[in-house]
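*Asks:* Chains as they are written, first to last, in this note's numbering: chain A, 1255 to 1606; chain B, 1073 to 1389.
Hints in this document: simulated from the structure, not taken from any laboratory.
Some clues are possibly wrong.
What the hints assert, rightly or not - Partner residues are not named here, just some residues of chain A that face chain B (Cβ under 8 Å, in silico):
| id | residue |
| --- | --- |
| 1 | Tyr1286 |
| 2 | Gly1290 |
| 3 | Trp1521 |
| 4 | Met1560 |
| 5 | Ala1564 |
| 6 | Trp1573 |
Unchecked claim - Distance windows between CB atoms, simulated:
| id | chain 1 | residue 1 | chain 2 | residue 2 | range |
| --- | --- | --- | --- | --- | --- |
| 7 | A | Ser1482 | B | Ile1248 | 41 to 49 Å |
| 8 | B | Ile1375 | A | Ser1453 | 56 to 64 Å |
| 9 | B | Phe1186 | A | Arg1457 | 57 to 65 Å |
What the hints assert, rightly or not - Partial list, computed: chain B residues near chain A (C-beta under 7 Å):
| id | residue |
| --- | --- |
| 10 | Asn1206 |
| 11 | Ile1243 |
| 12 | Phe1325 |
| 13 | Ile1371 |
Just so you know, even glycine gets a beta-carbon here, dropped at the ideal spot from N, CA and C.
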Amino acid sequence: MKIDPSMLKPSAIANSNTIKSTKSFILKYQVYFLIGSLLILSILPLFTNRSYILGVFCRIFLYSILAGALNTINGYSGQFCLGIAGFFCVGAYSEAILSTAAKMNFWIILPIAGIITALVGLLVALPTLKMQGIYLAIVTLGFSEIARLLALNWTSLTGGPMGIKGIPVPEIFGFALKTSRHFYYLYLVLAVIFLFVTSRVIRSRIGRAWMSIREDQLASKSLGVFTSRYKAINFMYGAFWAGIAGAMYAPYVRFIDSTYFTLDEGWNILSMVIIGGQGTLIGPIVGSVIVNYLTELLRPIGQWRMVAYALLIIVMMWWRPQGLAGASNSIVAVKGETRMRHRKVSRKEAQA
Amino acid sequence: MKEGSYANMWDTPPSYSLYETGEAGRMDYFLNQLINGICQGAIYALMAIGYSVVVGVVGMVTFTHGEVIMIGAFAAYYMFFLSGNQIILGLIVSFAASWVLGYFVYKVCYERFFNAPRHVSLLTTIGFSMLIKNLSQIIFGPNQKPMLDVVEANFFRIGAVQISELQIVIIITVIIMATLLSLIFNKTKFGIRLKAVSQDKTASYMVGINVKRVAMLGNCLGCGLGGIAGLLLAVYYQTIQATMGGPLGMKAFASSVLGGLTDVRFSALGGLCIGIIENLGITVTTASFRDMFAFGFLILVLIIRPQGFVSKKGAKV
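Based on the sequences and whatever the hints tell you, model everything.
*Replies:* Dropping the structure here:
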């Protein structure tokens, strides 16, 4: 194999150096970047009180958690979950039912909803843990539809097509969180907690086990990783945070019915993960920002929104399968053979 | 148009009516549901045959099959609209439309990804199915369309059991298609190439088969069968809708799990089973739970025998 002469051009070298130095610069001052962006985000509501802008930010935080939860499943352990909307649905409905029927406190319900969703996730994953990813993909997809159909038809519990009305807002020490500014801070805090916990988890033994399963399941098994147990933990972890996100969502909209949790919602979250990047913490956040921004941008031509996401997914898979900010040094970044490149190489070899 | 509304489309079971109430009426209802189940299962079987041909030959799992079926149904709708009730013409057109879509699916989702990790082509098929679904919602409109009557609704009665002419036509069409496919597979050189590619790509490459071309043609063939299944579904239910593809694709998958995703005969059996289970299931519950039975079947098969009920030769998916 010969060295590609285009690599030796000065411009190419300079280009790769700038990217590298930018990356190392960002990594070096990572802490300052984080603190700076957190500061900006936390003082932002002081300057604007327009509920539209704050609402968009709330969506971005919420979907950062959802896409991040999906990313821990798809990006970190290389499993296929397509039914994240189902877990979102379970979390939201458990919050709504417990707060309206059982009149429980929001802060107690929040972890309970997460745990319920994690148990549901375990139940979904159990029959498929020992097989290849595709079965898990279909079963989760089916689960998402089943969850929605149950929410639509189990009228005595979920209100059926009427949904659940009048979900009480959360309170802190008697102070009710009502406006979008309050919810902005609630979502920001929970998103930061999610990011912090996830960053600790993926650097722990568990997270390393997940990544080894993603890279090569057989090899990690032969090195003593109990793969099916770690995959189950991974699935439950992702489902837990999706449930938390659902439980946060229900009091924000104050009325839920089954139309919030269609398959389109699942594709929406999946496109965030794919466009933003798989296998990194920042990836889903980037995806959430891009997709939510596109949603607002394309609002006048609503129907073309999903077409745009679909095209973006295909483009990403063709040219950058790990996504914009994905893990470049992993199996999610491996492209297929590209016919064009193959042709070019063979032509060059023929000339040489 | 919200996704929730396509469930309504399946809520109105076609062509059976007039039951007497009481014990005897209940038994007749059960038998009629069995007949309906067999007819619907025949359509599912055709879908599943197409799916397992695609998965076997290409070697990658697809999520676009539901959209392929939907395109077949719409092609038939417009053909019947233009030509009156020429059912043969409709069959040819829906086969051709789905064949063409299959070609695009191959070009976009498979051709570059034969050596890539599996999730890349899978996610591309998901993106492509989103694209087709939403584009056709824009082009054909999001609402249900009533299908034209192509077969007269005559009923034959055998005792209390009634079977419509339409159901007989559907079952006969499926049987003819399955026979044609098995003739292609066993008697022609092309079919033998297809079988070789689905069993071992490297070995068939070594004996001089143009693997990519055969994979493309096999994919188109499977998609074409899906298109015919779409026509039959549209005629049977009398409605078509741009969002109908989603649950159908999943049912095709669930059926072909019975044969380990690649075996044609067991996929057909799986489709028949799902059709019967669904129609008997809604005698016990309400019709809105219809889509759940396919998943119940899928999960049951995955628990009992996840690798399918055939011993595998090559062709791992």
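*Asks:* Checking each numbered hint in turn, tell me which of them this model violates, lowest number first.
*Replies:* Violated hints: 1, 2, 6, 8, 9, 11; rest satisfied.
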